[in-house]
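**Student:** What follows is the residue order along each chain.
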Amino acid sequence: MRRATWAGVLFLALVGSFVLSIWLGSVELSPSEVIAALSGRGDPTNRLIVVQIRAPRAVLAILVGGGLALAGAVFQALLRNPLAEPYILGISGGAATGAVLALALGLVASHSWALPAASFAGAILAVVLVLRVALAADDRVDVRVLLLAGVVVGAFFAACIAFILSISDARTVRSAVLWMMGSLAGADWTTVATVALYTIPAAVLLTGLARPLNLMAIGEDTAGYLGTNVESVKRTAYVVASLLTAAGVAATGVIGFVGLIVPHGVRLVVGSDYRSLLPLSFLAGAVFLTLADVVARTVLSPTEIPIGVITAFVGVPLFLVLLRRSMGGGQR
Amino acid sequence: MTSDQAPALEATELTVQYPSTDKAALNRVSMIVPSGAFYAVLGPNGSGKSTLLRALLGMVPSVGGETRVSGRAVSDWKRRDLAREVGVVAQAESLAFPLTVRDLVGMGRYPYLKPLQSETSTDRAAVKRAMERCDVWELGHRFVSTLSGGELQRARVARALAQEPRVLVLDEPTASLDIRHEMEILELLRSSADGGMTIFLITHHLDHAARFADRVLLLDRGSVAAEGAPREVLRESTLQEVYQWPVSVDDDPDTGILRVTPQSGSYRSLGSASSNRVR
Amino acid sequence: MWLARTRGHRDALASVLRLVRFVNSWSVSFLQLSTCALIVSHLACAGEAALPERDASQFPSDASLEAFPVEVVDDSGVRHRFQAPPTRIVSLVPSATQTLLAVGVGGRLVGRTDYDQLSELAALPSVGGGLQPNLEVLVSLEPDFVVRFEGESDQATADRLTDLGIPNFAIRPDGIDDVLSSIERLGLITDQRVAADALLAEIRGDLADVAARVEGRPRRRVVYLMGGEPPWVAGPGTYIDELVVSGGAVNVFDDLEGLYGPISLEELITREVDLVLVSDEGGSPDLIDVEHKSIPSWVEVPGPGLGEAAKLIARLIHPEAFP
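Residue numbers (the numbering used here), protein chains in the order written: chain S, 4 to 335; chain X, 41 to 319; chain E, 3 to 325.
Quick caveat, the hints were computed from the structure, so don't treat them as lab data. Positions of the beta carbon are idealized from the N, C-alpha and C atoms, including for glycine.
Some chain X residues judged to face chain S by a derived CB distance under 7 Å, without partners named:
(1) R119
(2) R120
(3) A123
(4) A130
(5) E133
(6) P151
Over the 10 Å line for every Cβ pair with chain E, so calculated as not near, a few chain S residues:
(7) A10
(8) V12
(9) L13
(10) F14
(11) V18
(12) F21
(13) V22
(14) L23
(15) S42
(16) L128
(17) R238
(18) D276
(19) R278
(20) L294
(21) V319
(22) L323
The task is simple: from the sequences and hints, build the whole structure.
**Tutor:** Set out below in structure tokens:
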């Protein structure tokens, strides 16, 4: 079936991207040197570079890229809006506020885990705030209010960030801005393990919600009539997808476009059935972010281009090509 | 009492009030839909017909009374099981993402499938049957957004039929259909009812109710105005009071079928319909 | 149903709102980025203009290693023990780089940052930015001594360096005392105490000279303008502020919140300002009708040029004291 073929293709692409990601970098290494480093032999410096710097980074790209794409697809079904993406409900604003606050208060100077912890806390705060606002009088999540609440809460956090930055010193501002543009540079195996702890169970759970999400995309009433526990699905999907996003943002900063463009790209190729869309989006997102990270690291080496810039510059034209091809052929 | 004989749908003293409104949408409504009957629900705009449908299926909370489906309280039903029992064609829906007709109808089988299980041959056969009965089999690969209103309506009826339910609930399913397709759906519903399926049809068309229904419920501003066989409910005086418009009810001389004809009225005399009857 | 009719409108509204929010969030970032780029360029363009060159050959290195092992505490409170002077040095802090060059160990540098633009460093491989260096390149250089920033910004980089086994020494490069302390310690670590002491003596001599010349003179009211809309000024605790104070003036904005910040034009006008100092790169000199003098950019960066910088600033403030 087509789904299996595409899964195979994407999985191969993922393996290929991973290989590329540990092979290429600011320091030139030959394939034999890389293999030696991976198997524990070879120059200790090379081992350090491959195993402690590049490998965790590549794995983090897979986890975060896949997680963001998956969350984006879920939000698009939940909010019944093709422009939905993981940050639409204020998560990026909350996470950024937490991070900026941690930087400005100097908490980061003493504990390196302060930054991811603060941004995660900020993201959760945003989620809770938006959910509270969107819980209508009879304890049901009103999806239209959810959307507006997310936009408003996001704007509020953006104002907080602007305020904090306006009274901070230059180094703090620069660190904050770079964080907000997203980067995989800080990846180490501890970070990878933490993110994996959130990402893998969340991905499994959300993939299991594929059919209810298919129904949600038609309408909540219809979903209910066709056997879905609509409220329970809404809440579970919202909370799990938000946690997934928050974990990614806490580790890497705000990487945009992945959650919006990847699900659409996959949709244009295999259609809107979430049973294919979810796993394929994860794979495609993982490939996309891994390759974007390779580009970010190598093009202007030793300077790193913020990865959010790459995802935008690469993602948008790619998406436009896919869109044109689908509108030219096929029926819309 | 076996579930075959229990009423398909039943409401007892049902009261529903939406939050932040001061009037109840449904006020102590009691009604019974016998199993296997073709049951039509009539009433002016805002009389509570759609609310009744949703309350019967547990989609809106009630403040008083209770509703039952096939003899069990609706709150005792698990949603999946309820979806195998009752198929619903709601008034309208909008798709957020492109979907083929085949996929749309295929969703009718979801209540029978486990989370990641694929369709079985049983499911495929059920879908095919449903699509053929609604004359949309040829449209399977088309995207829903390219269909006409009538084609989409028929596809949605097919989806409900694919659920292989015992009760089919429809809210104004013939709204955008031409005469042929309108009659096709109604005759399909009638023959399904004859075959044992319960039909619960909300409609504006008094004529349809007169012609096809076994039992009729007439709602007026959230209360039951009349319930019973079409001839009992569709009386001139009852209709005129509920609809605030002069009508005449007679038998079609050629077919013998009950016929309701609205008369011309005047805006000044909405309160006293009877005095303005013009023949 | 009314839901169906309004859905089209709702989707359109949501799309517009989404776009607005997206643009808004990026524009906030870009606004901050552009404003802080101005300041960062001030901080970072250490050696682009002519820095008074120090001839390293003036200071012969210590031949003996009797002083070792040495124990030195860095600015994060960590005590480091050096068995021998390091031979492969990377400095991520421009002022420390200048210090290392000034005490004569430029030959032991194996890497630089993108902000080190001095000609003698150009041949060295760059590790990218000083705050978040490219770890791969840094590791590949196999340094045995890395000087890093200490401050509120980034403990994560420090932790990564430690995790990767790269010895890192924290320097806070902000004020006059920081510079003096780092010169002394770096001299100790690199076994260039003679050179370092000579440099310190020279700087302290310059500072004393300046203090003597401006003593008793009326303190002028000075503001250091950095340009931007609204204009940014240097506040208390900045290097420039210290130089201004030591030069016999008072910083009009010594009540500013934070090191650098925007002020309204009205403040600039209502506070009696005597003298406006502007950087000779950027800055908007004609905001108020008061004496303006421009400062070469190297003066703003803390480093071994401290003595020269203090003299230059004092001369601008009290030209009559420097006949």
